[in-house]
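*Asks:* The hints should help you fit chain G onto chain W, whose structure is shown.
As they're listed, the protein sequences go chains W and G. Every letter in the first sequence is one number past the one before it in the numbering used here, and letter 76, counting from 1, is 76. Every letter in the second sequence is one number past the one before it in the numbering used here, and letter 146, counting from 1, is 146.
Note that these hints are calculated values from the structure, not bench results. Some clues are possibly wrong.
Claimed, not checked - Computed far set for chain W versus chain G, every beta-carbon distance over 10 Å:
| no. | residue |
| --- | --- |
| 1 | Tyr12 |
| 2 | Arg13 |
| 3 | Glu65 |
| 4 | Leu98 |
| 5 | Ser237 |
What the hints assert, rightly or not - Calculated cross-link-like contacts (lysine to aspartate or glutamate; reagent style EDC-like; alpha-carbon spacing at most 20 Å):
| no. | chain 1 | residue 1 | chain 2 | residue 2 |
| --- | --- | --- | --- | --- |
| 6 | G | Lys22 | W | Glu107 |
| 7 | W | Lys185 | W | Asp62 |
| 8 | W | Lys27 | W | Glu65 |
| 9 | W | Lys27 | W | Asp112 |
| 10 | W | Lys55 | W | Asp19 |
| 11 | G | Lys21 | W | Glu107 |
| 12 | W | Lys122 | W | Asp167 |
| 13 | W | Lys77 | W | Asp167 |
| 14 | W | Lys183 | W | Glu155 |
| 15 | W | Lys185 | W | Asp112 |
| 16 | W | Lys68 | G | Glu260 |
| 17 | G | Lys23 | W | Asp167 |
We put the beta carbon where it would ideally sit given N, CA and C, even for glycine.
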Amino acid sequence: MILSVNGVEFNYRSRIILDKVGFAVQKGEFLSILGNNGAGKSTLLKTLNRILLPKKGSILLDNQEVSKLSRLAIALKMAYVSQHYESNRQTVFDAVLLGRKPHIKWEAAASDLALVQGVLAKTGLEEYALRYLDELSGGELQKVIIARALAQEPEVLLLDEPTSNLDLRNQIEVLRTIQTAAKEKNIAVVAVMHDLNLALRFSDKFLLLQNTKVFAAGGPEVMTAANISQAYGVPVSVERVQNQMVVIPT
Amino acid sequence: MVGNETVPDGRVNYYLRYTWKKKIILLGLLGMTAVLALYAISAGSAELSPWQVLLTLFGQTEGQSQIIIWSIRLPRVLAAMVAGIGLAIAGAVMQNILRNPLASPTTIGIAQGAAFGAALAIIGWGAGSSSSTGGGAILINNPYIVTISAFGGAMLSTMIIIFLAQYKGVSPESMVLAGFALGFFFSAGTMLLQYFTNDVNVAAIVFWTFGDIGRASWGELGIMTCVVFGSLLFFLFNRWNYNALDSGAETAKGLGVNVEKTRQWGMFFASLITATVVSFLGIMAFIGLVAPHLVKRLIGGDNRFLIPASGIMGALLLLAADTLARRIIAPVVLPVGAVTSFLGAPLFLYLLVRGAKLR
Numbered sequence: 001m002i003l004s005v006n007g008v009e010f011n012y013r014s015r016i017i018l019d020k021v022g023f024a025v026q027k028g029e030f031l032s033i034l035g036n037n038g039a040g041k042s043t044l045l046k047t048l049n050r051i052l053l054p055k056k057g058s059i060l061l062d063n064q065e066v067s068k069l070s071r072l073a074i075a076l077k078m079a080y081v082s083q084h085y086e087s088n089r090q091t092v093f094d095a096v097l098l099g100r101k102p103h104i105k106w107e108a109a110a111s112d113l114a115l116v117q118g119v120l121a122k123t124g125l126e127e128y129a130l131r132y133l134d135e136l137s138g139g140e141l142q143k144v145i146i147a148r149a150l151a152q153e154p155e156v157l158l159l160d161e162p163t164s165n166l167d168l169r170n171q172i173e174v175l176r177t178i179q180t181a182a183k184e185k186n187i188a189v190v191a192v193m194h195d196l197n198l199a200l201r202f203s204d205k206f207l208l209l210q211n212t213k214v215f216a217a218g219g220p221e222v223m224t225a226a227n228i229s230q231a232y233g234v235p236v237s238v239e240r241v242q243n244q245m246v247v248i249p250t
Numbered sequence: 001m002v003g004n005e006t007v008p009d010g011r012v013n014y015y016l017r018y019t020w021k022k023k024i025i026l027l028g029l030l031g032m033t034a035v036l037a038l039y040a041i042s043a044g045s046a047e048l049s050p051w052q053v054l055l056t057l058f059g060q061t062e063g064q065s066q067i068i069i070w071s072i073r074l075p076r077v078l079a080a081m082v083a084g085i086g087l088a089i090a091g092a093v094m095q096n097i098l099r100n101p102l103a104s105p106t107t108i109g110i111a112q113g114a115a116f117g118a119a120l121a122i123i124g125w126g127a128g129s130s131s132s133t134g135g136g137a138i139l140i141n142n143p144y145i146v147t148i149s150a151f152g153g154a155m156l157s158t159m160i161i162i163f164l165a166q167y168k169g170v171s172p173e174s175m176v177l178a179g180f181a182l183g184f185f186f187s188a189g190t191m192l193l194q195y196f197t198n199d200v201n202v203a204a205i206v207f208w209t210f211g212d213i214g215r216a217s218w219g220e221l222g223i224m225t226c227v228v229f230g231s232l233l234f235f236l237f238n239r240w241n242y243n244a245l246d247s248g249a250e251t252a253k254g255l256g257v258n259v260e261k262t263r264q265w266g267m268f269f270a271s272l273i274t275a276t277v278v279s280f281l282g283i284m285a286f287i288g289l290v291a292p293h294l295v296k297r298l299i300g301g302d303n304r305f306l307i308p309a310s311g312i313m314g315a316l317l318l319l320a321a322d323t324l325a326r327r328i329i330a331p332v333v334l335p336v337g338a339v340t341s342f343l344g345a346p347l348f349l350y351l352l353v354r355g356a357k358l359r
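Excised from the complex, chain W in its bound form:
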């Protein structure tokens, strides 16, 4: 297991956000964290790379306790794409090059530049390379941030709503790029997802959170109408359309 989470608890003052959450991900696996707003999805993601320090529980990254690793050591193995990102006066190339930061000692090497160029090509950002971030659309910016995480060459990729700003075509393209990278480079992906159908299409594993607790976890077999209805509090049916599972609110 590249990432294994056990009994993680987190609270803001007296308000409990995460209650004994546990799960595990293997290399090359795509795990979606699902659940209603306020279920603790983003908080869980942030405790995984210690942006937030859990009050209890253990998080093992490649069998090492995350709380005992330095920020740099974590960044060398784990990339994080925040839900909130700021645009600024950097070019797309420089913004993606920043993903190489944990690997750079003093200055970027030719190999770093070549790798960035490769990632730009893969994510369809080549033609934007010298545009400034503050001149991009929300969707383009989101692709840049994901490209940066890929340039970081992590073993675990944490994504907080990676497709929230993307149109239908870009949603599919970006998730496909991530999925391909995960399989090719053997990266474990942990993504907070809002769109159940996108999650069903691209993930291997699912973690349903309900009100601070794990409601169900496992492969596609846990994505039953009953489980989803209960976890979200909305009646749904799960159908198969063109050999693809689809969730429809009823």
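*Replies:* Same frame as chain W, but now just chain G:
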């Protein structure tokens, strides 16, 4: 900066060309500063030709021009450049770590703290007095005590800001507001001191707050240079961290940056520069604010280039302001602080209008 090694397939040559363009702009700014410095050394009541200046600098002449250059003009020009570099890089780094384009040495209360310290020394310890030698000039009796006290005031202000951020959880974005409040607080303190003292001391305080590059001698220049270039090295060492911070604190953490430490130490060195420069030379507004903004327009926000280029731009601006202050109604020398504000404010407004148009 970015390595010159050619990438085998040449696909990133366009990026290398792009970084070269920035380096050329950097060199251009450096060249302009050098030319201006040469002019600033040669211009004055005793006119010297640039050629004479060069000869003197390389030790090829003797006599009067040597004295004028080595003991009067050169320290002044170098002080303007070092102070300009210091204020500008402090501004660039503050704008980055406080996530606020309004952050600068004179907008977060440090300069006002220094002025309060100076006022306290002038009044409290009688360090200032006036004598009417040569055109009613005001002399500060004991400049060392005033400088040390000004430095104390600036560092007190710095400590309060860092304390607020560190232990009271004031967000970086709010620090500029806290700095404003602090600035007003210290200004009020200075005002009260002025109200209860005699007119001689008031004059001395007012005189002190006018930034004046002419106060620097070789000794002071030496101290300023050590502080400014030491901090510059520290900033350059952290340039990737500042780039990461530009994308938000959470993203920076995800990239392996120790955000709290980077902010604390960045603030510390930026404040140290400000305290040193302001306590030696007085208040010179707008350099630390305008220089990074100007450079950002020219070459973008990549701190690998932004920090050194801001420094050079700061040197250029302050040297230009000081030269103008010396020359515009010569032989009267205007206070450089007034000139920087006078030119800085319209320049800043122009940048804002241009920025609005570009969007």
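*Asks:* Of all the hints numbered above, which does this structure not satisfy? Sort the numbers upward.
*Replies:* Of the numbered hints given earlier, those the structure breaks are 4, 9, 13, 17, listed in rising order.
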